[in-house]
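Student: Dock chain B against chain A, hints included.
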Amino acid sequence: MGNETPLVGKVAIVSGAAQGLGHALAQALSAAGARVMIFDVQPRVEEVAADIQTATGNRVVGMVADVSQRADVEAVVASTQETFGGLDILVNNAGTWRRTPVDSSWDQALEDWDFIMDTNLKGVLMLSRACIPLLKARGAGDIINVSTYYVLPARSEGTNQPDTDLYNASKWALNAFTDDWAKYFLADNIRVNALCMGATDTPMLRGFFPQGQLPPELAEVVMSSEQIAQQMLDLLADGRTGENIGAWVDQPPGLPERAAPNRKISG
Amino acid sequence: MTVSLQGKNAIVTGAAVGIGTAYAKALAAHGVNVAVCDIRDEILTLPAELEAYGVNAVAWIADVSQPAAVREVVDGTIEAFGGIDILINNAGQCWASSPDDDLDKTLADYDGMVNTNLKGEFLMGRAVITQLLKQQRGGEIVNIATDHMVTCGSPFELCPKLESCPWKAEPRPTGTANLDVYDASKWALNGLLFAWAKALRPHRIRVNAMCMGATDSWMIRDFFGYPQERALETPEQAAEVATWMSKEDSAQVVIDLLQEGPNGRTAQNINLCVGRPVKLEDPLPEVYITKASLDG
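Residue numbers (this note's numbering), protein chains in the order written: chain A, 1 to 267; chain B, 1 to 296.
No wet-lab data here; the hints were simulated from the structure. From a predicted model like this one, the values you see are computed outputs, not experimental measurements. Check each hint, because a few of them may be wrong.
Keeping only pairs whose Cα atoms sit at most 35 Å apart, straight-line, the calculated DSBU-like set for lysine-lysine is [claimed, not checked]: (1) B:Lys161 - A:Lys183; (2) B:Lys168 - B:Lys279; (3) B:Lys279 - A:Lys183; (4) A:Lys136 - B:Lys105; (5) B:Lys105 - A:Lys183; (6) B:Lys291 - B:Lys161; (7) B:Lys134 - B:Lys279; (8) B:Lys161 - B:Lys279; (9) B:Lys291 - B:Lys134; (10) A:Lys183 - B:Lys168; (11) B:Lys291 - B:Lys279; (12) A:Lys183 - A:Lys136; (13) B:Lys168 - B:Lys291.
Extracted from the complex, chain B is given alone in its bound form:
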């Protein structure tokens, strides 16, 4: 049983490049009107591409770490589409931070990563939740997180231990030492995920998160210093990139998730790790909050 997404209204943040663009296009292809934003000017050309799918689209240059910008996007979407059904909290930044860094570097990292990845998702989420509660017709929030915060199975006992998985003998390590600020911004999303899922379930609003491993996207290429175009890769880079997941596959997982509708899973971290099929697997048993606590 899947529900149609036709005619629904979505916001996708950070949609000018990479995964965000893939999500916006996948939604448009399923008949969803899409509002997009990004800090990059190129975002303004995306609506024309999205409208080619026969939907309405609108774009803002906006930094989700800035409250006024968030209000502009959310209020503007309501004005343009008459309401909101889906929020894809995708905008995020990632660069190296070291536990040995001084306070100048650390505070710049905090402003860049925590304020975009965490505060941005918090602000967008809260602004959209207010509207969803007003509408009383359900809704969907999808936060974009990382596989740094989920090891195999989450916890390991739940792991299906697939033959294809490089980590079937030993759990994949969580975290990465030179990404502590990034990891903190993403681990913290669990706090929003579980609280929001619990608070909003009575209103038929679902909240889930995508915990993805390396995906061939603008951000991961930028992090590794790889060219953004496949034609420019060295053979070594091409071999590495070939192990990454595709953003289109990831977008399909989001579509499948949204099509579950209001009776589908909520409060789940959807773990897309390298070595596992990039598909929406069955929900995992709840480990951080129980079914009973979700149902109040």
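In isolation and in its complexed conformation, chain A is listed as follows:
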């Protein structure tokens, strides 16, 4: 067996960790030995933090905070520095989703823009920028962007749906951050990668379906949040940077081969 707690001594932030994938990622980081700051707009995040801490014995702090609000982002990062004395791992997980059909009303389109982009794009940008000084101060670090397999060359006909233009756009935008930051922070030993997942059993996925019930054919093949969390831990141990890491239902678990230089982000 390898080291079960490779992240002892490390500090992580996970955004949007009150449920679903974020919760699973925070749990996995904590179980691997990291001290974790989690935040979410949902008040239950504090309870989730306490539960994870009880389960793993490692310190977890939960804050009610909205990644789309600058003051909240600054408060989370300041609190992380104060509580844990630094930061090693940022997981940009907080994200939101809704259908945004092209024939929506004008007012609806304006509201949809703010709803999706303030969290999925502006939130990732603000939180990352705010965390960079902490990561640099440690002399090394990891940023993990949670994306979608829509941004990988065709894996199925179900990607890039016609009625989710803004969600798709917000995730495509993350390619720039993964790609550009990985190159920029190479000398600082800050690695930047993205988890690009297919259907994973999360509240967000269930939100696609009436009463949150997955259709039987999907329920059979859907990935678990724990599977993705393991992939994240493998990625942190692996040390690669600048890659979109795919995970979809018919792919073997684990990390894919490292991509060749200039072919990491397939545009």
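Tutor: For chain B alone, coordinates are given in the frame of chain A:
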């Protein structure tokens, strides 16, 4: 087989300078009535130049990141021309951003670049789509993106690997570290491209994007701090500029694309990289969405 553009109505955003002006003039030269907008006052002098081609033209000073301004341009175009057939989503801003920037600078960059390059194209696109769906006579949307988001071939396996290409041995790197906010605004256009192309194909509306490398334009000269007039260039600047693509060539590619008509390609990033001929090449195989998914 090409279709005539004669008598169609187009909107070109960001048309006061550079590539946008070249697109507007190329459309006018093909008999298209052109509505133009820009944040610059000079836009108001462009209609007279366009009308010299024998078409109708109208202009607004408008910031596409502002919903009210977008409505003014789109509603005004419908009123002036009676309809819209073509949208060239060209308005864009570009300046350096650093991953080390503080939040004040970052939010200013976000407002300037994401809200113009992405929100502007989203708003213009959605306003025009509503009209195109109402008209039910097809339509064309062309988003202007960047080669930062496409490497050779996209993916590399599809690259024709031309002898002239400086990147034929190794794929050209995507992205540029000091343009992360700009790159994000442009990468995100893929989301609009694929969703819109899928949603609108049953209505014979095509959506494509131009992913251009350095083009001799107002924006690229401004980014590098080069003079806008060729006569003022240093020899070193002139040598660099000589490697850039011409905006007129780029405009011809857009014309060729539009002339494909409703049965032509859709959901494509048209990759115009330095080292490759600036022409409309054959469509690439679909890699992000499949033909079957486009056809529903």
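Student: Let me make sure I understand: some of the numbered hints might not hold for this structure. Which ones are they, in numerical order?
Tutor: none
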